[in-house]
Structure formats: structure tokens, C-alpha cells
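Number of protein chains: 2
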Amino acid sequence: MSPAASTPAYRRLSVEERRAQLLDAALSLFAHRAPEEVSLDGVAEAAGVSRPLVYRYFPGGKQQLYEAALRSAAEELRHCFDEPHEGPLLPRLARALDRYLSFVDSHDAGFTALLQGGSVVETSRTTAIVDGVRRAAAEHILSHLEVPDPGPRLRMTVRVWITAVEAASLIWLDEGKQPPAAELRDWLVEQFVAVLTVTAARDAQTAALVRALASADA
Amino acid sequence: MSPAASTPAYRRLSVEERRAQLLDAALSLFAHRAPEEVSLDGVAEAAGVSRPLVYRYFPGGKQQLYEAALRSAAEELRHCFDEPHEGPLLPRLARALDRYLSFVDSHDAGFTALLQGGSVVETSRTTAIVDGVRRAAAEHILSHLEVPDPGPRLRMTVRVWITAVEAASLIWLDEGKQPPAAELRDWLVEQFVAVLTVTAARDAQTAALVRALASADA
Numbered sequence: 001m002s003p004a005a006s007t008p009a010y011r012r013l014s015v016e017e018r019r020a021q022l023l024d025a026a027l028s029l030f031a032h033r034a035p036e037e038v039s040l041d042g043v044a045e046a047a048g049v050s051r052p053l054v055y056r057y058f059p060g061g062k063q064q065l066y067e068a069a070l071r072s073a074a075e076e077l078r079h080c081f082d083e084p085h086e087g088p089l090l091p092r093l094a095r096a097l098d099r100y101l102s103f104v105d106s107h108d109a110g111f112t113a114l115l116q117g118g119s120v121v122e123t124s125r126t127t128a129i130v131d132g133v134r135r136a137a138a139e140h141i142l143s144h145l146e147v148p149d150p151g152p153r154l155r156m157t158v159r160v161w162i163t164a165v166e167a168a169s170l171i172w173l174d175e176g177k178q179p180p181a182a183e184l185r186d187w188l189v190e191q192f193v194a195v196l197t198v199t200a201a202r203d204a205q206t207a208a209l210v211r212a213l214a215s216a217d218a
Numbered sequence: 001m002s003p004a005a006s007t008p009a010y011r012r013l014s015v016e017e018r019r020a021q022l023l024d025a026a027l028s029l030f031a032h033r034a035p036e037e038v039s040l041d042g043v044a045e046a047a048g049v050s051r052p053l054v055y056r057y058f059p060g061g062k063q064q065l066y067e068a069a070l071r072s073a074a075e076e077l078r079h080c081f082d083e084p085h086e087g088p089l090l091p092r093l094a095r096a097l098d099r100y101l102s103f104v105d106s107h108d109a110g111f112t113a114l115l116q117g118g119s120v121v122e123t124s125r126t127t128a129i130v131d132g133v134r135r136a137a138a139e140h141i142l143s144h145l146e147v148p149d150p151g152p153r154l155r156m157t158v159r160v161w162i163t164a165v166e167a168a169s170l171i172w173l174d175e176g177k178q179p180p181a182a183e184l185r186d187w188l189v190e191q192f193v194a195v196l197t198v199t200a201a202r203d204a205q206t207a208a209l210v211r212a213l214a215s216a217d218a
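Protein chains in written order, with full-length UniProt numbering: chain A, 1 to 218; chain B, 1 to 218.
Everything labelled a hint here was simulated from the structure, so no lab data went into it.
Just to be clear, a hint being listed does not mean it is correct.
Derived CB-CB ranges, DEER-like [said to hold, decoys possible]:
(1) A:A212 <-> B:A182: 28 to 38 Å
(2) A:S102 <-> B:G151: 24 to 34 Å
(3) A:R12 <-> B:G151: 28 to 38 Å
(4) A:Q63 <-> B:A20: 30 to 40 Å
(5) B:R135 <-> A:S102: 24 to 34 Å
(6) B:V15 <-> A:S72: 23 to 33 Å
(7) A:V15 <-> B:P59: 30 to 40 Å
From a predicted model like this one, the values you see are computed outputs, not experimental measurements.
All C-beta atoms, glycine included, are put in the ideal place defined by N, C-alpha and C.
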């Protein structure tokens, strides 16, 4: 992701390169202001191209560009939870959270806009993009837990924890990124174990998982 | 809140009564379908009045009616956490959750629409209404904890738990209201204690609160 300024307007880019350049410029604008404050003119200026060129790539205008930028951000967020199935489980979760919080840190206002909606261009399609990230994160985590056929109580616990991660990230941005990211990460990992332990009292499958986590930890 | 059918159209209602009647009709429609599927004609029909009369009360049309219905639902949700400051803390929380889950149960699709947004009439104003409910719930709970001047770690824990309650409620609706509401309530109360306990390891104020909770429980 090179800054737009390093790509002189006269250089001939491929369609894919140009598209990526425009999405980069749009993402960085959406990352720092509310979607309703982003204009196609602003995107053209940030990318060092003409407004008609932006329209050529995104004939649907701002809404289409916004959705494409969200999809690209969502893709990046999905990769945060893409962790090799190796080594103890909790350090894997900690590494995924490190990537997630680093995404939150670098996109701040854009992350808030992505999750909180409340923009004039919010639609059921953009909500579906965000829901897709949540579901993908839950599936990644469940696959790491290596529980064959996870039941509804375990699934609910994981899904609720993911929204807790989101909420904590939004509050963290709101509070000027306090506490430090490493503390927030550890707190979230410990919360994960704590909420699983609560579920374990009612669910044999989760109880077995918690025992496995404790023995791997020991 | 009498059903619209019990109010014959010829009865002369006061302005306030008429407004409440229209909001009731709107709420019950928004409660069972997505906002984009609700029409002013439908509201007029449900309330047994003419479409022009609905416009007289809500000249802003569907958007205004939607926001007024949301505000009325938000007001009802706020009251769920309005609990006397009497008796042990966790049973107070359980009673608040009983009211909250009963609201979720009776408004199902409307609750989902309220929280998930993603509707064509979603705006930053409707998001602010929902955020207001969250903040009010957090303030209610913090006031029950009787911690003078709660610090950022305790506040974050309470706010994150509230979003966990919301997420669990949405998933609960999605899963055909399983597990039973009483089990979900107990699970949420136990989660509250569990996440406070995690925070207590890093925050003296929360640690004192967890000790007080444990001794009240004993």
C-alpha cells in the first residue's frame, strides 16, 4: 500500500493497479472521517487522478466506492483471524488479536464507521459485509478449538465474545487508545477463557474444551 | 396499550392518545418486519385510520414515524434497567435482565431491526437513539455497583458486557429463542461476574467490587 503521492498520475497503471490505488485512497479517507464527509472529489484528489477517472472505475459513485472500500477492509479484517493451526491455543488467539488491534489502531475512524454504521450510505449490503467478517471470525476460532460439530452454547459463547472484542475496540478508540493494546489483548484473551468457563458449567462440550485449555496451559 | 382494533375510528381521541395509538400500531409493525417493508398505508390500516391522518401527526412521513417508534421502544428498554436500589446486587441484575429479555421476546424482529440497523431508513439519528439506550443501561448498572467515580477499566467492562447482552439476545432470537430465557439470564449474570473478575486482576477498584459481590453472595 504505497501512498498515492508516490504514484505519479502520468504512470500507466493496469486496471487492477488503478482500482487498488483508488481503493487505497478511499480507504484512507474513510479511515479518518465519516462516510458522509467523503466525496469523490476528495478521493480523486487523494489518488492524484481526475474525478471522471474515479467514475469510470466506480460508475455507481460514492456508494459503490464505499462498499468496495468496506469489502477491502473486511477482507483485511478476515485475515487477522487466519492463524496457523500450530502451538498452544491461547497464544494463537493472542496473535490474532494483535493483528486485529493493529488494524483497529491504523484505521481508527474508518473502523468505527465500518462497525457502527449510522452513515447516510449505510444499507443492508454494508451490514451484511460486517456480519460476514463476524461470522468468518467465529468460524476461524471454532476451527482452532478443534471441537467436532460445536453445539449452540459453545457457538453462542464464541460469537458473543467476538462482539465483545468489537465493542472493546470501539471503546478503546473512544478512550484515546487506553489501556495499551497489549493489556487490552491480554484482557480479551482472559475474558475468552472466563466466558467459556461460565458456559462449561452448563455444557459438557465446552467443559471438555476448558479442561483441554487448562492442561495445555499447565 | 390496547390493540388498535379496540379503538373504533369514530371515537374522538385526544392528540396525545391518537399519537400513542399510531406509535403502538407502528411499533407492532416494525416489530415484525424490516423497516423498509413497513408503509404508512400499513400503519394507517393497522391503526384503523386514514393515511392523511397519519401524515397529519407525522408530516415527516415514514422516517419520522420510524424514529418516533424507535424512541418509544428505546424508552421502554431504558426502563428495563431501572431497578430499585434494594437487596443483593446480582438478583437486581437478574430482574433487570428478565425485563430486558421479555422486551426482546415480545418485539423480536423489531428488536433486531432496532439494534442491527441495516435498514434503508437507518441514519446517524437512529444510531444515536440506540447508543443512548446503551449508555443509560451502563449508567444504571454503574449506579447499582455503588462505586464512587468508576474508573475506565470498570466502565469498559460494564459497557462491553452490555453489548454482550445485546449480541446474546440477537443470537437467541436467531436460534428460535433457545436456550430458555431463564437460562440465558443466569448465563449473562454469571458472565457479568466472570468478566468483572478478569478485570479485577488489573484494577483495584474492580477487585474491591468483586470482593463485595462475593461476600454479599455468601
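Okay, the hints, checked on the actual structure:
A212 of chain A and A182 of chain B have their C-beta atoms about 29 Å apart, which keeps the hinted 28 to 38 Å range intact. At roughly 26 Å, the beta carbons of S102 of chain A and G151 of chain B sit within the given window of 24 to 34 Å. Judged by the Cβ atoms, the range 28 to 38 Å given for R12 of chain A and G151 of chain B is violated: they are separated by roughly 57 Å. Checked against the given bound of 30 to 40 Å, the beta carbons of Q63 of chain A and A20 of chain B, roughly 37 Å apart, stay inside it.
Taking the beta carbon of each, R135 of chain B and S102 of chain A are about 28 Å apart, inside 24 to 34 Å as hinted. As the Cβ distance of V15 of chain B to S72 of chain A is approximately 51 Å, the hint placing it in 23 to 33 Å is violated. The given range of 30 to 40 Å is broken by V15 of chain A and P59 of chain B, whose C-beta atoms sit roughly 49 Å from each other.
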